[in-house]
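Protein chains in written order, with our numbering: chain A, 1132 to 1243; chain B, 950 to 1058.
Hints may contain errors.
To be verified - Just the calculated beta-carbon pair ranges, DEER-fashion:
1. Arg991/B with Gly1160/A: 28 to 34 Å
2. Thr1056/B with Asn1184/A: 42 to 48 Å
3. Ala958/B with Thr1196/A: 37 to 43 Å
4. Ser1156/A with Ser950/B: 26 to 32 Å
If you're looking for bench data, these hints aren't it; they were derived computationally from the structure.
In this text, all values refer to a predicted model and were calculated from it rather than measured experimentally.
Even glycine gets a Cβ: it sits at the ideal position worked out from N, Cα and C.
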Amino acid sequence: DAKTTQPPSMDCAEGRAANLPCNHSTISGNEYVYWYRQIHSQGPQYIIHGLKNNETNEMASLIITEDRKSSTLILPHATLRDTAVYYCIVRGGVSGNTPLVFGKGTRLSVIA
Amino acid sequence: SQTIHQWPATLVQPVGSPLSLECTVEGTSNPNLYWYRQAAGRGLQLLFYSVGIGQISSEVPQNLSASRPQDRQFILSSKKLLLSDSGFYLCAWSSDTQYFGPGTRLTVL
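Excised from the complex, chain A in its bound form (with noise of 0.2 Å):
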């Protein structure tokens, strides 16, 4: 079972910023969180991780709680090419031996 919640749907302007909520209120002191996507039909996309520091790449922003138990990625400038599924996934470890178990996502929709 997924240990995240996440909202099923959430729209966002093109060119504003897109704030995508995951609770995962069970996680552990060794528990990283994961974010990934899914455009239509494709298979789904690496975006960013992080453990208790907040992180930012080329791609994303996240944002992780004092508490851990909530992360918000933050995608800065949204574009109609960000239309996906994300999934927010908390994993054990950078270990490569824990697969992904992947909950339903959010569905973002970036309107013109």
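For this one, chain A is given, so just place chain B on it according to the hints.
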């Protein structure tokens, strides 16, 4: 850089026919490999994963099997397809982060 290939991209098969889907990874050695399935309108379901040649872990009892004959090759098979086997099959590899292939869309008629 690492790349992951899956073929075929699409496949239409009759009920009761066999299946073989292939996944290969380039640019890395001894990766962990995974097979997922996504039924229409549903989430991704982990089917199998492998941490090495000949080592397969099955997550869900299925009409499917997996094999890893070489370090960077992962094969998904079935002896007799069911209608419920239709879906989008995704292969993935990981060292630390998990990366997905382009997928195979299977329709069983």
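Numbers of unmet hints, in rising order: 4
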